[in-house]
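Taken in order, these protein sequences are the chains called A and B.
Here my numbering is used: the first sequence runs in plain steps of one and ends on residue 419.
Here my numbering is used: the second sequence runs in plain steps of one and ends on residue 329.
Derived by calculation from the structure, the hints in this document are not laboratory data.
Everything hinted at is true.
Distance windows between CB atoms, simulated:
#	chain 1	residue 1	chain 2	residue 2	range
1	B	F234	A	T82	33 to 39 Å
2	A	Q34	B	R316	47 to 53 Å
3	B	A242	A	L93	30 to 36 Å
4	A	T413	B	L156	53 to 59 Å
5	B	R53	A	K190	44 to 50 Å
6	B	F230	A	R152	27 to 33 Å
7	A	V193	B	F230	38 to 44 Å
8	A	Q34	B	F234	31 to 37 Å
9	A	T218	B	A242	38 to 44 Å
10	B	I254	A	K30	56 to 62 Å
11	B	R53	A	S259	52 to 58 Å
12	B	A67	A	S61	54 to 60 Å
13	B	L156	A	D207	56 to 62 Å
14	B	T177	A	N32	58 to 64 Å
Owing to the predicted nature of the structure, the values given are computational and were not obtained by experimental measurement.
Yeah, the Cβ is synthetic: ideal placement off N, Cα and C, and Gly gets one too.
Chain by chain, the residues:
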Amino acid sequence: MAEVVLDKVNKQYENGFHAVHDLSIDIADGEFIVLVGPSGCGKSTALRMIAGLEDISTGTLTIGDRVVNTLPSRDRDIAMVFQSYALYPHMSVADNIAYGLKLRRMDKAEIEKRVKRAADMLELGPLLDRKPKQLSGGQRQRVAMGRAIVREPQVFLMDEPLSNLDAKLRVQMRAEIAQVQRDLDVTTIYVTHDQTEAMTMGDRVALMKAGVLQQLGAPQHLYDHPDNIFVAGFIGSPPMNMAIGRVDRTDAGVTVTFGGATIQVPDSVTAARPALASYAGRDVAVGIRSEDMEDAALARDAGSKARLTTSVALTEALGSEIVVHFPVDAPRVVTEDTKALEEDAGVDDVPVAHDGNIWVASFSPRSRVRPRDQVEIAIDQERLHFFDPETGLAIRD
Amino acid sequence: MATTTSNATPAAAEDGSPPPEVVRHGSAKGGWFRRTGLSHLVGILALAFSIFPILFVVSASLNPTGTLSSATLIPREVSLVNYQELFDGSFPRWFVNSLVIASLAAAISMLISACAAYAFSRFRFKGRRTGLMSLLLVQMFPQFLAIVAIYLIFAEITELWPVIGFNTSAGLILLYLGGALGVNTWLMKGFFDTIPKDLDESAKMDGATHFQVFFGIILPLVAPILAITGLLGFIGAINEFLIASIFLRQDESKTAAVGLYGMIADPLTKNAQFGEFAAGAVILAIPTVGLFMYLQRYIVGGLTAGAVKG
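With these hints in hand, go ahead and build the complete structure from the sequences.
If you want it as structure tokens, here you go:
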């Protein structure tokens, strides 16, 4: 067990590409940290630098109490699970798991004991004599985990270990990996592009974009208090709804106007975001999560909530909730962040009506709204988010 | 047509009658000849084409008269006298020379090429591209062009260090190694490139050194290409005549190819010793065929299947 400290770590390739920019993270002993971000954000490069598979251009990397910048991988006492699993195809499952121990010239009985323990933990017992090609995707994934566990390393590194599994298995393995990590209490650095994995698995989440750390914190903190539009849009599914609105200061306090509605911003929100008042008379990016909106006909204490009237474009009944898509008559927020988010979502490939601003709300399943209905939507104004439309940063103080 | 068949089958199953096999056969255009006969015919033609010279040589080796003019496809008389005479002469010596030279040249060239190919495939270093390109370029010139230069170089070497000079197996092996290196390296590099780099990295994380990654993980996975380069190297060396004939002048240092040629090269006696020559050719084929049959099981693809998903 050990803590891992990245201090202003940079990766710059010979061709000038700056993959990781001044990355500083203190990872506590036994912590499960998730590096998340769209593809090409530098998260895998960061992981590979910790693994020793890439050189660190500048900065220091400390594992335990050793600076390991120039230490070869095998001396760093870390184990890694690859996206492709990278099982040795000519070895049986047992040999795959034992390979790292054999290289360390460990006692044969001890190897056997450890392999058995890892196999029991991952329910690989009956598969030990098989070759990797005789295994299913989920089983291969388990073997890859077993290979990491059996070494009893100081740190686990996982590079998108679940992205090759189908959706159902992914959910199951997600829980299993989190469980194994908790049982072993080994410092774990987990790379993924899937925000759900980041939210559900990590003690803390580090969200990266274009080689730069955007925000680091507990998953719920990133969800509730995103530092910028990119974090707001990346964390959470569906992503946070956003539109350009106008802030005004009236006798009663601060209001924000968008989509034909003027919403009184509660004092608690202005108190938490003192800088918001200074935006009076200017445009801001207003954000609201889908679950902070409700069918006004069903909303509790609906009277105190702001209203938005619109027509329903589409409903998706999920059983536990109804996802309602509706247009909002307000300009879309367009910044570097939103462009990066669209690129990540592959919006360019899908013919979407780009001029309209479509919001998504999750209503209670008791709601009776149908497509093309006029609907009144209650917005929980306590939960509004405000961002600077130019810099994309959250408006706070 | 496919629709008709799939419609007919469930109906036939329902009323209990056997599925309409005949209809299905008729629906494949052209009948038996188009489907199987043609490929058999092509196979038989190819077989006849390649087996004819073999048959002729085997037959000539069994012909006790032992002359070119008396050789026929079907021997009139069968005897092993040619083989007997062959083994009384220098042939056993030549045969051993051939085996030693071909085995060592094949094995060493396989190892060196594998090392070079691994480096070219996995590492990025200055001169990598240049190195690869020069290997390819050098390979484009036939070895034949270098014979004069090789002769002069080895004439010098023979005087200074006769252990690897003319008339030594070691010298000839060295020469063959240089010749095969380029092709083998390229061939292997292509194969190495198909082994996912994740495997190297995974082994590295498991604690393996470069050496252990190479011998423990990569080499077992490239067994098919090792088998092929080894086999090609062996065949090339055991059949090589031109350089060997210049290099090996003394009778006891000759390879079988050079020695056998000597039997039929003399215009006065060439006709007379043809039976022995044919017998030598048959014997020389045995190790090659044996090696091929042994290596055949390694020359199978799909060994890397299951390493990574997909």
